[in-house]
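Those sequence lines, one after another, are chains A and B. Taking my numbering, I'd label the letters of the first sequence as residues 971 to 1382. Taking my numbering, I'd label the letters of the second sequence as residues 211 to 515.
Rather than coming from a laboratory, the hints here were simulated on the basis of the structure. The reader is advised that the hints may include incorrect statements.
Chain A is nowhere near these chain B residues, computed Cβ spacing over 10 Å in every case [said to hold, decoys possible]:
1) 260
2) 264
3) 265
4) 282
5) 287
6) 288
7) 301
8) 406
9) 424
10) 427
11) 456
12) 457
13) 466
14) 475
15) 479
16) 492
Covered stretches of chain A, going by a simulated chain B footprint (3 or more residues, C-beta under 8 Å) [unchecked claim]:
17) 1084-1093
18) 1111-1121
19) 1196-1202
No experiment lies behind these values; they were computed from the predicted model shown. The C-beta atom is built at its ideal place from N, Cα and C for all residues, glycine as well.
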Amino acid sequence: MRVRAALAAAAVAAGLAAGCGSDGPATPVVNLYNAPQQNLSAIVERCNGLAGGRYRIVLNTLPRGADDQREQLVRRLAAEDDGLDVLGLDVTWTAELAEAGWIREWTGAHAERARRGTLTRPLDTATWQGRLYAAPYNTNVQLLWYRSDLLPEPPATWSQMMAASARLAADGRPAYGEVTGAQYEGLVVWFNSMVASAGGSMLSADGERVDLGAPARRALAVMRDYARSRAADPSLANTKEDDARLAVESGRAAYEVNWPFVYASMAGNRPGMLRHFRWAPYPGIDGPGRSPLGGANFAVSSYSRRPAQAFEAALCLRDPESQRIAAVRDGLPPTLESVYDAEGMREAYPMKEAILAALKTAAPRPVTPTYQNVSTVTAVALSPPGSIDPDRTLASLREQIAEALQSKGVLP
Amino acid sequence: MTARAGTAARTPSEGRRAERRLGWWLCAPAALVMVLVAGWPVLYSLLLSLQRNDLRFPDRRAWVGLDNYATVLTSPFWWQAFGLTLLVTAVSVVLELVLGMAVAVAMYRTVVGRGLVRTVVLIPYGIVTVAAAYGWKYAWTPGTGWLAGMLPAGEAPLTEHWPAVGIIILAEVWKTTPFMALLLMAGLALVPEDTLKAAAMDGATAWQRFTMVTLPLMKPAILAALLFRTLDAFRVFDNIYVLTNGAQQTSSVSVIAYHNLIGGLNLGVGSTMSVLIFLTVALVAFVFVKGFGTAAPGRDPEGRR
């Protein structure tokens, strides 16, 4: 008995000695799971250097598609996998993961540092029921991108767009206006912005009930009219962001509603066209439009064994210099207002004033733990946009979204 | 007389009973493993299907009886997927049977390079389905694909309903025809050469020999092949998951179950679908075995006749 105790004590002592040995304790590893981003490793390296041995971030890259990313994350979180520490989340996932208890609330000094200097709209996407669950990393808004050689004055509303396209078509010039009409998240994004631009919303403010009143009917009518107008590309019902970009770059379309990545792409692919490639605010219905709001936030997994280091790492990954690198080298608009005046931003973001202005009024997507269900049934109900029947589509949307909010009903 | 007959019957039966007991003991480990790996998941799905169980709302779990079944069976999405699955199953199995039979006869009658021919024919079956499906997907995507390149510009067949369904069936048929051919070739070996020669002596043409001698003698092999392929085809998942992931109303029952389980995190509704798929597959197997007299694998051939 005594022998065994002595052995145990010796083992503990040996362990301690090893722990304080010359190589020092192993640096705690913080596993970061994020969507593919070309220069994220540079940001990670920088933070690892700054950490000075307090933690070491290991970058794990998720699949390219947003649905695939979410699937991998929720599958592992549901299994209480402790191999995930910092999670790069799409702005629409906060409520779902927070409600399921899979991500930690940000409190105290960490929350204070995540909030300081952060733009309001992106901060709202990281909040669920008044609590902060993530630190905003990047944000995004759509603008109207147009060729000034075809359209000297940018249209300000969807009806002006249809009229402009009709004129261009009559002159035999490229007339299409591209918008994301395929049956996927992009169609929901379009619809949500249209409803917001008409003065309504998809859900009540608390996310518990369906709103979709008269403004939604108006939005549906405009979408249907647009899809049947001269402005609509014949492949509208299959158009995603990248198809829209390509249609303008190839000269088939005169303008597009899209994210700012199209500017860098135009500069790279068709430098000759860049001179006439301009931007304007997101088009409205009667008054000014409300752009969709995108972006990503960093959350800390509830099953992380090193939450203190994970919060620190997340804060470093979204500090001003990290956001500047992401903005200038990867085209991801910052969530910290000060970064818009940082070095290199003027060249990379000639449209930064327009982005900041759009961010003031951007329309966030509905905030609910069942966003995935709401989005899926909405996309199916609206596809193809040309066959929208405002009254009938609205009624079926109201019914299906009400079911989706209860996580009842079947997903297609 | 009766008493003696009784004892006579009992004495060997003592030994037989001991033998049977030993038999049970010997197969108990295997049976236990089967129950654990197959029985428990089935039972667990059944239990989940009776619950409201959404991973996002851990606090709202409850027993709801058959509510989930009502939800699924009244959903147009479910019936759309069910109809598509039946269509894909029927069309692909029929095509595979016809093509597989042709390939089987060709393989069986090949004189030169028999090994090479059989190996080449089996290649599609040897390729991992997901890898092959990606091959098809890129081939049919404008800009990256040689097949899409042969279509008029602006055609994206995977983004329209019927072309997408056609491509799914094509990928299934391409992939599993060799499997069908292999099973049918085993059936061809059952047909005695003598019978065929006798039929030829009686003046039967090649077609008559095939339809009136070969096919009837091959019936057990054909039915077994059809059963395997029908059950497989009804559960089609990987090809659709890669090619369209259910867009343009091309979900099969397995794909829609996956979307509700993994995407929707709704264990209740998803498990209900799994149970319904299980029941349908069981029904198909029952019809084949009882209705057409398909021999279950490993069944005593004496018992059948």
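Tested hints:
no.	hint	verdict
1	260	15 Å, holds
2	264	4 Å, violated
3	265	5 Å, violated
4	282	6 Å, violated
5	287	4 Å, violated
6	288	6 Å, violated
7	301	22 Å, holds
8	406	53 Å, holds
9	424	46 Å, holds
10	427	47 Å, holds
11	456	7 Å, violated
12	457	6 Å, violated
13	466	7 Å, violated
14	475	6 Å, violated
15	479	6 Å, violated
16	492	22 Å, holds
17	1084-1093	violated (count 0)
18	1111-1121	violated (count 0)
19	1196-1202	violated (count 0)
Hint compliance for this structure: hints 2, 3, 4, 5, 6, 11, 12, 13, 14, 15, 17, 18, 19 are broken, all remaining hints hold.
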